[in-house]
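Chemist: Heads up: the sequence lines are chains A, B and C, in that order.
Sequential numbering of the first sequence, starting at 999, is according to our numbering.
Sequential numbering of the second sequence, starting at 705, is according to our numbering.
Sequential numbering of the third sequence, starting at 717, is according to our numbering.
No lab work stands behind these hints: they were computed from the structure.
All values reported here derive from a predicted model rather than from experimental measurement.
No more than 30 Å apart at the CA atoms, straight line, and that leaves these computed lysine-lysine pairs for DSBU-like:
no., chain 1, residue 1, chain 2, residue 2
1, B, K851, A, K1284
2, B, K833, B, K851
3, C, K994, A, K1082
4, A, K1263, C, K807
5, A, K1286, B, K851
6, B, K894, B, K851
Listed below are the residues making up each chain.
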Amino acid sequence: MPFMEFVNFYLMPGIVLGSIYALGAVGITLVFGILRFAHLAHGDLATFGAFTALGVVTIFGVSPWVALPVAMVVCASLAIGIDKLFYDYLSERPKIIVVMSSLGIALMLRAVVQVVWGVDTETYTRGIVRPDDYWGIRIRDREIYTIIAMFVIVGVLWAFLQKTRWGKAMRAMSDNPDLALLSGVDNRKITMLTWGIVGILCAASGFFLGINTELKPLMGWTMLLPMFAAAILGGVGRAEGAVIGGLIVGIVEETSVLFIPGEYKAALAFAILLLILLVRPTGLLKGKVL
Amino acid sequence: MTSQAIAEQPMANNSMQQKYSGKPILTMADVRGGYGDADILQGINMQVTEQEIVVIVGPNGAGKSTAMKAIFGLLKVRGGSIVVNGTEIAGWKPNRIVQHGVCYVPQVNNIFREMTIHENLEMGAFLRKGDIYESLERVYTLFPDLKERRNALAGNLSGGQRQMVAMGRALMLNPSLLLLDEPTAGLSPKYMEQIFEITRNLRNAGLSILLVEQHAKQALAFADKGYVLAAGNNRHEGTGQELLADREVAEMFLGG
Amino acid sequence: MELIGLLNYVVYMAIFIGIYCLLALGLNIQWGFSGLFNAGIAGFFAVGAYTSALLTAPESGVHLGGFQLPVVVGWIGAMIAAGAIAWPIGKVCLRFRSDYLAIATIGVAEIIRLVVKSEGWMTGGARGVNKIPRPFGDLSYLYSQLAYLALVLAIVLVVYWAIERQISAPWGRMMRGIRDNEDAATAMGKDIKARRLEAFIFGAAVMGFGGALFAHFNRSITPEAIDPMIATFLVWIMLILGGSGNNRGALLGVAVVWIIWSASEFVTDQFPTEFAIKAKYMRVFIIGLLLQLVLRFRPEGILPEPQGTASSPEVKTTQKQEGAAE
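For reference, chain A alone in the conformation it holds in the complex (with noise of 0.2 Å):
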């Protein structure tokens, strides 16, 4: 096979596939790595945000890139709300109730589109997008405002966790809670601005499958176990890792019906995730194990 064409084939579809993965990925490492506890409604939610610029667009009929920050703020404050009504409720107990709870409230969000906006698929915008060609290297304008806003999107988060009061916070929640909180973090600020940030990951990362594929109900579960092992790839709590991660499970996936039948393109980002726990339960980059 000629490289440009795997280069347009298989790389390009898994670097654009992986940076809708690393932004679900990133949201998840989050939760994992400061609330501590796997989030199972981290896809349904997604798909909710996706809808939510669905809405947006009908409704209005505007461009679904003005459709996007609506449906980022709607899912942050879904998300906080979720949390409010629901998991914080459950704060004193093991963490597993949590992850049980979230996976009724993965079930609920599902409802809700399946409810509202029915279950045909259904697409931002009609119409054929042919692919341009840059030097051999054939991309949809699309394709490279994912990758870019991947990049702007995790790149800010990162440089509010590194260099502002309220981020250092976050990463001390996530390094050593009992210490934190010694040191006067308020767990509960902590918390809602950790779901926030995953709120707006997770409108992103549903918007951007949408836009390069289509909207279905179930398009974030079906999400939920790249985005888990794109998450331990890189290492739980590590923002960068879960980029990395996404990355690698995307570009796995898209360059594996190369050897093997394209129906069990899903079942890769499942090898990967014991793979890593097998040989390495923390990561790329070092991270926790719970």
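We have chain A; now place chains B and C onto it with these hints.
Modeler: Structure of chains B and C alone, referenced to chain A:
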């Protein structure tokens, strides 16, 4: 302190009258409490006055660390009173106690491993509004090693340096009372000496320090006062020298 | 005629309840007694259903098989297959907190679904496996149903008895000890891992058995027969509502939730068709909400675990702190 214990040690009691004349920073009276339903502390009395190092010694399970956690609001206090700087603080949450001028260095997990030394110190000052430059400089002066490696991850440091980070973090709020839970556990003699040296310097600079120590002999040698706890009760108290000289204490807790 | 129709319906429902009872008992071994989070119940169910179906079904051009083995052999095969899938997953994931197991079991269920759909040569693809023999299938309809119900109930009783026996044995006490203090458990080492793995495999085998009973009851099994998430989730809410850690609670929870679930279907079926599809999803939403309410207001379920071993969170945190103290 039981009346029997006082009767047995008239000398100790006399000399301590003078000590008590300093301004009291911490006064614990008949403090009871523990985890779950069991009381580990069965009526502890202690006092730390201004600019004083007080050492708590005793066998394993005597309630030494537990007493410290009780002061810092990390376990339920079911009876008695804990007064710091004239205010009753029993039942307060740790972050309120921090703002009241008490800082605590736990024995384990006392640093942010994935953050730099500098960030660890910044987290120590999390509750402070405004400039923390002076406090940073003060801590870096106390621990010159830390200043050199300020951008190193705390988790990559040696045990002794980690302990310095932990103490430095606690000092960032300029507390009036510092609680140190076995700061020398697992350290080499060289680092142990260094930590004790710094503890003395802090006292000389005006701080009051409550210290739980396994290295009882070395700690009592420079302590202004010591309490011997056993089974959740006060057993002995006196100046460091007095406790070192006490035969019973020596036999029971100091390894003869 | 009315009465016969009603009786038929009740018997039909009762058989389903019996099958769900097996799933709930299987989950109770994993979650109730051992604290293991299995989010892939439908996967183990499907493996059991297909294994037993393929072992017992007659020759067919569309799928593997033609073995026509006795039904009992099919059941044993179902349990072994479900347990065999649980083994490697447990081996890898039980070293960590149950969150990892939750994610991995979601993955297992997803992959089993993929295999069932894609490997037509083995599973018959979308057409599934048909003409699965059914015990007492030769009797007239109602008697055949009643006989199958009796069989299912007998199996539930045997499994119930076996679990109760096992749980009151030292094995069960140890399991609950592990569940209530995972930190201490992991520190205790290898033996604990083996016990947890046993519980996970044992539970999965019971779920596989449930799948087998379902396949033989329906005489066919297709990929559409089970909606993986909803099936898994129903079993969870049954166990939590009934009282995890208590087998009688599990059985009660199955009956209560299954009746609510079916009754709500009965109600929504009366709606005009344009609402009927949406109503199905509203039911899912309500079941999800029910879980949230139970977790928040009655976490111990209707029938709590006896002898107060369902330790309160305070006790748990205490154990942790004591470990760290001194």
